[in-house]
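Peer 1: Chain by chain, the residues:
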Amino acid sequence: MLHNKLFPKKTRGGKIIRQLREHYLRDDIYCGAPFCTVCDSSGARLSESASTILVVDTNVVLNQIDLLENPAIDDVVVLSIVLEEVKNKNLSVYNRIRAICDNSMRKFCVFSNEYHRDTYVKDMRGETKNDRNDRAIRVAAQWYQKHLGGAVKVLLITNDKENKRKASEEGICAETVESYVKSLDRPDLLDLLVRPSSEDVDMEEVEDLRPSKRKVIYSEHKPMSEITSGLHRGIYHQGKLRVNRYNPFEAYVGSESIGDEIIIYGRSNMNRAFDGDIVAVELLPQDQWKEEKSLSIAGEDGDEDEDVHLAPNSADVAPRTIPQQCSTGEVNAGSCRPCGCIVGIIKRNWHSYCGSLEPMPMPGGSGGVAHALFVSKDRRIPKIRIQTRQLENLLDKRIIVSVDSWDRQSRYPSGHYVRTIGEIGDRDTESEVVLIENDINSRPFSSQVLACLPPLPWSVTSEDLSIPFRQDLRHLRVFSVDPPGCKDIDDALHCYALRSIYFLGYYFVSNISPSCRAAYSHLYIADVTNFVFPGTPLDDEASQRGTSVYLVERRIDMLPKPLTEDVCSLRSDVERLAFSVIWEMTPEADIISTRYTKSVIKSAAALSYVEAQARMDDSRLMDPVTTDLRNMNSLAKKMRLRRIERGALTLASAEVKFQIDTETHDPLDIGMYQIREANQMVEEFMLAANVSVAQQILKSFPLCSLLRRHPTPTREMLEPLLRVAAAVGLNLDVSSSKALADSLDHAVGDDPYFNKLIRILATRCMSQAVYFCSGDLSPPEYQHYGLATPLYTHFTSPIRRYADVIVHRLLAASLGISKLPPVFQDRLQLTSIADNLNYRHRNAQMAGRASVELHTLIYFRKRPTDTEARIVKIRSNGFFVFVPKYGIEGPVYLTTRAEKGSGEWYVDEQEQKIKKMDGSLSYSILQTVQIHMEVVEPQPNRPKLQLTLI
Amino acid sequence: MEYVNPEGLRVDGRRPMEMRQIRAEIGAVSKADGSAIFEMGNTKVIAAVYGPREVQNRSQQMSDQALVRCEYSMANFSTGDRMRKPKGDRRSTEISLVIRQTMEACILTHLMPRSQIDIYVQVLQADGGTRSACINAATLALADAGIPMRDLVTSCSAGYLNSTPLLDLNYVEDSAGGPDVTVGILPKLDKVTLLQMDSKLPVDILENVMQLATEGCKAIANYIREILLENTKQLEYRRGS
Ligand SMILES: [Zn+2]
Numbered sequence: 001m002l003h004n005k006l007f008p009k010k011t012r013g014g015k016i017i018r019q020l021r022e023h024y025l026r027d028d029i030y031c032g033a034p035f036c037t038v039c040d041s042s043g044a045r046l047s048e049s050a051s052t053i054l055v056v057d058t059n060v061v062l063n064q065i066d067l068l069e070n071p072a073i074d075d076v077v078v079l080s081i082v083l084e085e086v087k088n089k090n091l092s093v094y095n096r097i098r099a100i101c102d103n104s105m106r107k108f109c110v111f112s113n114e115y116h117r118d119t120y121v122k123d124m125r126g127e128t129k130n131d132r133n134d135r136a137i138r139v140a141a142q143w144y145q146k147h148l149g150g151a152v153k154v155l156l157i158t159n160d161k162e163n164k165r166k167a168s169e170e171g172i173c174a175e176t177v178e179s180y181v182k183s184l185d186r187p188d189l190l191d192l193l194v195r196p197s198s199e200d201v202d203m204e205e206v207e208d209l210r211p212s213k214r215k216v217i218y219s220e221h222k223p224m225s226e227i228t229s230g231l232h233r234g235i236y237h238q239g240k241l242r243v244n245r246y247n248p249f250e251a252y253v254g255s256e257s258i259g260d261e262i263i264i265y266g267r268s269n270m271n272r273a274f275d276g277d278i279v280a281v282e283l284l285p286q287d288q289w290k291e292e293k294s295l296s297i298a299g300e301d302g303d304e305d306e307d308v309h310l311a312p313n314s315a316d317v318a319p320r321t322i323p324q325q326c327s328t329g330e331v332n333a334g335s336c337r338p339c340g341c342i343v344g345i346i347k348r349n350w351h352s353y354c355g356s357l358e359p360m361p362m363p364g365g366s367g368g369v370a371h372a373l374f375v376s377k378d379r380r381i382p383k384i385r386i387q388t389r390q391l392e393n394l395l396d397k398r399i400i401v402s403v404d405s406w407d408r409q410s411r412y413p414s415g416h417y418v419r420t421i422g423e424i425g426d427r428d429t430e431s432e433v434v435l436i437e438n439d440i441n442s443r444p445f446s447s448q449v450l451a452c453l454p455p456l457p458w459s460v461t462s463e464d465l466s467i468p469f470r471q472d473l474r475h476l477r478v479f480s481v482d483p484p485g486c487k488d489i490d491d492a493l494h495c496y497a498l499r500s501i502y503f504l505g506y507y508f509v510s511n512i513s514p515s516c517r518a519a520y521s522h523l524y525i526a527d528v529t530n531f532v533f534p535g536t537p538l539d540d541e542a543s544q545r546g547t548s549v550y551l552v553e554r555r556i557d558m559l560p561k562p563l564t565e566d567v568c569s570l571r572s573d574v575e576r577l578a579f580s581v582i583w584e585m586t587p588e589a590d591i592i593s594t595r596y597t598k599s600v601i602k603s604a605a606a607l608s609y610v611e612a613q614a615r616m617d618d619s620r621l622m623d624p625v626t627t628d629l630r631n632m633n634s635l636a637k638k639m640r641l642r643r644i645e646r647g648a649l650t651l652a653s654a655e656v657k658f659q660i661d662t663e664t665h666d667p668l669d670i671g672m673y674q675i676r677e678a679n680q681m682v683e684e685f686m687l688a689a690n691v692s693v694a695q696q697i698l699k700s701f702p703l704c705s706l707l708r709r710h711p712t713p714t715r716e717m718l719e720p721l722l723r724v725a726a727a728v729g730l731n732l733d734v735s736s737s738k739a740l741a742d743s744l745d746h747a748v749g750d751d752p753y754f755n756k757l758i759r760i761l762a763t764r765c766m767s768q769a770v771y772f773c774s775g776d777l778s779p780p781e782y783q784h785y786g787l788a789t790p791l792y793t794h795f796t797s798p799i800r801r802y803a804d805v806i807v808h809r810l811l812a813a814s815l816g817i818s819k820l821p822p823v824f825q826d827r828l829q830l831t832s833i834a835d836n837l838n839y840r841h842r843n844a845q846m847a848g849r850a851s852v853e854l855h856t857l858i859y860f861r862k863r864p865t866d867t868e869a870r871i872v873k874i875r876s877n878g879f880f881v882f883v884p885k886y887g888i889e890g891p892v893y894l895t896t897r898a899e900k901g902s903g904e905w906y907v908d909e910q911e912q913k914i915k916k917m918d919g920s921l922s923y924s925i926l927q928t929v930q931i932h933m934e935v936v937e938p939q940p941n942r943p944k945l946q947l948t949l950i
Numbered sequence: 001m002e003y004v005n006p007e008g009l010r011v012d013g014r015r016p017m018e019m020r021q022i023r024a025e026i027g028a029v030s031k032a033d034g035s036a037i038f039e040m041g042n043t044k045v046i047a048a049v050y051g052p053r054e055v056q057n058r059s060q061q062m063s064d065q066a067l068v069r070c071e072y073s074m075a076n077f078s079t080g081d082r083m084r085k086p087k088g089d090r091r092s093t094e095i096s097l098v099i100r101q102t103m104e105a106c107i108l109t110h111l112m113p114r115s116q117i118d119i120y121v122q123v124l125q126a127d128g129g130t131r132s133a134c135i136n137a138a139t140l141a142l143a144d145a146g147i148p149m150r151d152l153v154t155s156c157s158a159g160y161l162n163s164t165p166l167l168d169l170n171y172v173e174d175s176a177g178g179p180d181v182t183v184g185i186l187p188k189l190d191k192v193t194l195l196q197m198d199s200k201l202p203v204d205i206l207e208n209v210m211q212l213a214t215e216g217c218k219a220i221a222n223y224i225r226e227i228l229l230e231n232t233k234q235l236e237y238r239r240g241s
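Going down the list, the protein sequences come from chains A and B.
Position 399 of the first sequence, counted from 1, bears residue number 399 in the UniProt record's numbering, the numbering being contiguous throughout.
Position 215 of the second sequence, counted from 1, bears residue number 215 in the UniProt record's numbering, the numbering being contiguous throughout.
Hints are not guaranteed to be accurate.
To be verified - DEER-style ranges, computed between Cβ atoms: (1) B:Ala176 <-> A:Arg125: 30 to 36 Å; (2) A:Gln288 <-> B:Ala176: 48 to 54 Å; (3) B:Asp204 <-> A:Arg474: 50 to 56 Å.
Treat the hints as calculated values from the structure; they're not laboratory data.
Since we're looking at a predicted model, the values are computed, not measured.
A virtual CB, placed ideally from N, CA and C, is assigned to each residue, including glycine.
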């Protein structure tokens with residue numbers, strides 16, 4: 001047994017008690033240079049031909065991580081003491097430096113100096129921790145110099161003057177980051193450096209480009225001690241700042257101490273806080289609790305137009321509106337929401353942002369340092385000032401920028417350039433921006449993850465069949481119905497009438513006759529958990545990704561392709577493993593019994609919705625699959641009817657579909673996604689399965705089931721819908737989902753589209769359903785409002801949703817097929833998994849929408865179009881229209897920006913109309929207008945879709 | 001918390017399969033029939049053996065074998081907080097029992113009927129793995145007292161943290177709350193006489209962790225044998241002189 005005992009070190013730790021810790025120093029820690037003759041160089045990470053080896057100090061790692069991430073910087077020795085200090089100070093930077101060290105493409109070497117016999121330094125009396133660590137870094141640098149001899153130059157990189165001076169005294173080559181990077185002769189790298197904020201003075205000229213703006217000075221942030229005592233005494237309130245996605249000058253802080261949201265208006269009240277920061281807020285005096293009328297389309301800044309975007313399909317993605325005046329009539333200042341201003345920032349949520357530079361003229365004389373303003377794609381983020389030496393390169397690019405500081409004297413925060421993604425407007429670049437913005441991991445799966453896959457080609461073995469709980473259902477005629485071209489087939493169906501089995505043996509019934517006793521409906525879901533085992537790298541990765549992401553032109557899988565498209569996919573004519581739900585139903589579609597089993601099936605046909613619909617509609621076809629389809633459809637219709645009777649909402653959203661050119665990947669055509677009976681049929685069985693499974697798992701595991709709930713919308717959320725309804729003389733009852741469903745059914749206007757439009761407006765008032773752990777809430781809160789069911793979960797798409805994988809495991813455990821993995825005993829972890837799933841789910845949706853918006857823009861670039869639109873929101877200088885044909889929504893201005901507020905138009909709030917002063921013209925809500933759609937470029941490289949009235 | 005860093009080093013600089021420094025000394029208490037001090041890193045234990053001698057409480061006397069008694073205690077100064085702990089708390093009683101049973105399994109008690117053997121172990125300094133250190137110290141003390149034994153018993157612990165089996169947990173690792181397997185073996189007979197574990201562990205991992213602890217036991221056995229040999233040599237030398 002190897003036992004390197006040299007001399008143990010005993011240190012004092014803790015405040016009161018003396019703690020002894022052993023510290024073994026070793027002689028088997030290697031320098032990591034492949035050319036070293038002394039060390040074992042089998043795992044050496046530095047490059048063969050390294051001429052300079054860099055030793056970086058802690059602050060360099062903490063501040064210049066973007067530089068270190070650049071592949072131009074290599075042959076770096078990261079000392080364990082540096083890692084330890086970085087970890088204590090900033091965990092996210094620690095994870096990033098660790099990722100670089102783990103990356104086999106990079107030549108970064110971790111040297112455990114603290115455990116090395118020759119580089120360990122003892123604490124000296126009267127020395128601070130910092131000084132001791134600096135000394136350790138110098139000792140390690142010196143060791144390298146001695147150890148490697150004249151073969152290479154060892155360079156200590158430090159920005160600490162004192163450290164650098166001592167290093168030089170001790171004969172170590174030391175340089176600052178700036179001077180080192182300058183010596184590399186790579187001007188682009190200089191952009192990556194974080195600048196000390198004292199250089200801010202030069203930046204004034206950038207602001208002078210905007211003469212209309214005064215220089216804004218923010219009030220000082222209170223020191224931490226004052227904040228803590230203020231929070232204690234209840235003067236300040238702590239919470240996370242959330243900036244309105246559609247109006248960056250409005251933000252909310254959810255405060256537990258006053259049990260309400262505090263609204264923050266304007267940049268000066270926000271006082272340099274970013275979205276996601278944990279802040280301390282002071283309430284403004286009550287007479288300043290103004291109800292800001294955000295009635296004009298443009299923001300406070302004048303140049304921040306609202307863009308054309310995809311019509312929202314839920315309240316979570318819709319622009320947030322604060323009820324303008326207390327519209328129910330009680331104009332009472334007391335009932336308004338509290339407003340506040342931010343006095344201090346408790347924790348920053350700064351990270352890097354994706355966007356582009358604000359167009360600006362090239363400064364005279366090239367090669368010099370230019371100051372530029374960076375505009376993030378995420379509108380919640382303020383502009384960021386950066387310095388660059390490569391302005392001409394960056395102006396037409398999408399870039400990533402990091403924030404460094406924001407002091408009181410500057411209107412905008414300062415940051416530095418990190419990297420370039422690609423050209424603005426280029427489809428690939430913009431798609432990548434979409435992925436980065438939504439924190440979506442699109443990297444290929446790692447080799448550890450791929451190692452968890454079953455050997456390929458995979459097929460059902462006799463072993464699979466011999467397992468007692470797996471039922472052999474290969475003789476049944478199973479088929480699947482999915483969107484065209486679907487490769488990850490999650491589900492398949494089967495149906496037969498009992499009576500026919502009894503009497504005919506092989507059956508040919510054309511319909512389930514009322515005389516037959518019962519029908520069996522089977523739903524098969526891919527048995528993903530047979531391949532994804534808990535705790536494996538594959539499972540961890542899937543759990544992190546949470547969901548597959550569907551962009552217009554590509555799919556980012558949650559599981560590796562061999563699983564999604566082959567092994568798990570219930571394709572036709574191959575034997576596959578499935579998890580089945582088997583219902584015995586009356587011909588009236590009442591469920592008599594429900595059974596779950598793992599099974600082996602062989603799908604007879606993989607149909608698309610269109611094919612399935614065509615088969616059902618063609619009365620000449622009498623083949624078995626078609627009859628099955630018809631039988632299932634008649635059952636589904638009855639189930640659907642019953643569901644609607646219970647009060648399930650039929651909501652509508654405007655989903656569009658693109659036809660993509662297979663060669664160029666450009667959109668060829670765009671149209672509304674058609675929903676057919678076949679879609680509804682499949683959906684109905686899925687819903688039924690999800691409800692059944694939710695009941696089953698909750699019965700077995702009341703505290704650790706993963707369910708999905710849909711909160712009842714509050715009156716405030718429905719306010720916009722009610723206002724519109726009132727203006728058009730429609731009476732909506734929103735007391736319950738049943739009442740709302742009924743009044744939506746009765747909402748018929750003069751034109752056929754009216755009802756759908758109202759449903760679309762209703763849909764966007766609802767928030768989205770969320771996953772949760774059953775132990776975290778009480779049963780009444782489990783309710784799914786939209787589906788009007790007390791319990792719901794996701795079981796039917798384990799190939800593309802991780803929630804379903806978890807539910808599969810729960811279901812298998814409830815049937816005694818397998819044991820429940822240990823994670824289910826850990827409530828906190830389960831809750832954090834549910835939170836992550838919600839986050840990923842939402843991001844996947846946002847990414848999908850952004851991708852559609854991007855393709856819409858590309859489509860209309862060459863195709864200016866005239867079309868019909870409906871007015872959905874009235875503003876003081878125009879209105880928002882919804883374009884049903886393309887599913888988009890955007891502003892139409894009646895006045896140009898220059899004459900904004902000239903008083904030619906006025907808004908009738910009650911009737912939701914905008915009228916011309918002289919009474920000659922008026923537009924009212926839901927009115928049909930003809931518009932012209934065209935892509936314009938008001939600034940170079942910044943194309944946008946513009947809507948104008950014809 | 002990271003107990004094994006990506007470079008494969010534990011918090012105290014050991015690698016996962018490495019034991020702490022061990023040290024043993026025979027004959028620390030001259031009054032006793034046999035005694036020893038055993039150290040595993042900063043864990044330091046003293047053991048003293050009295051016997052075989054007359055049974056004190058006649059009612060406990062056994063006609064076919066010797067009575068083995070064990071008393072375990074912790075010195076008040078053994079941990080950082082110098083708290084006065086009541087004697088005979090549940091933990092001490094349990095460890096006393098564990099040590100007694102383990103030692104009983106290797107002492108040839110049938111050779112010494114109607115007698116009594118007392119084993120006293122005290123922890124002088126605690127830094128994880130006290131149970132194992134006690135057993136190792138007791139073995140040495142019994143050998144020093146010349147009590148007939150089937151084989152030496154040696155013990156070592158292993159744990160499982162950050163998905164890595166770790167040999168000989170120290171206090172920091174022990175208080176991580178992960179699984180901790182203490183194994184005692186008769187090295188020559190290759191038999192396991194003690195297996196204790198807190199918390200849960202999947203069977204295949206338990207096997208690995210147990211295997212590692214067993215390796216540790218064997219290494220300790222080798223060391224103990226060396227010490228005993230050295231001791232015997234010295235005794236011989238003294239007798240000869
Ligand atoms: Zn070397």
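Peer 1: Work down the list of hints and note, for each, if the structure agrees.
Peer 2: Here's how the hints hold up against the structure:
For the pair Ala176 (chain B) and Arg125 (chain A), the supplied restraint of 30 to 36 Å holds, since their beta-carbon distance comes to about 32 Å. Gln288 (chain A) and Ala176 (chain B) have their C-beta atoms about 53 Å apart, which keeps the hinted 48 to 54 Å range intact. Under the hint 50 to 56 Å, the C-beta atoms of Asp204 (chain B) and Arg474 (chain A), about 33 Å apart, miss the expected range.
Violation of the numbered hints given earlier is confined to hint 3; every other hint is satisfied by the structure.
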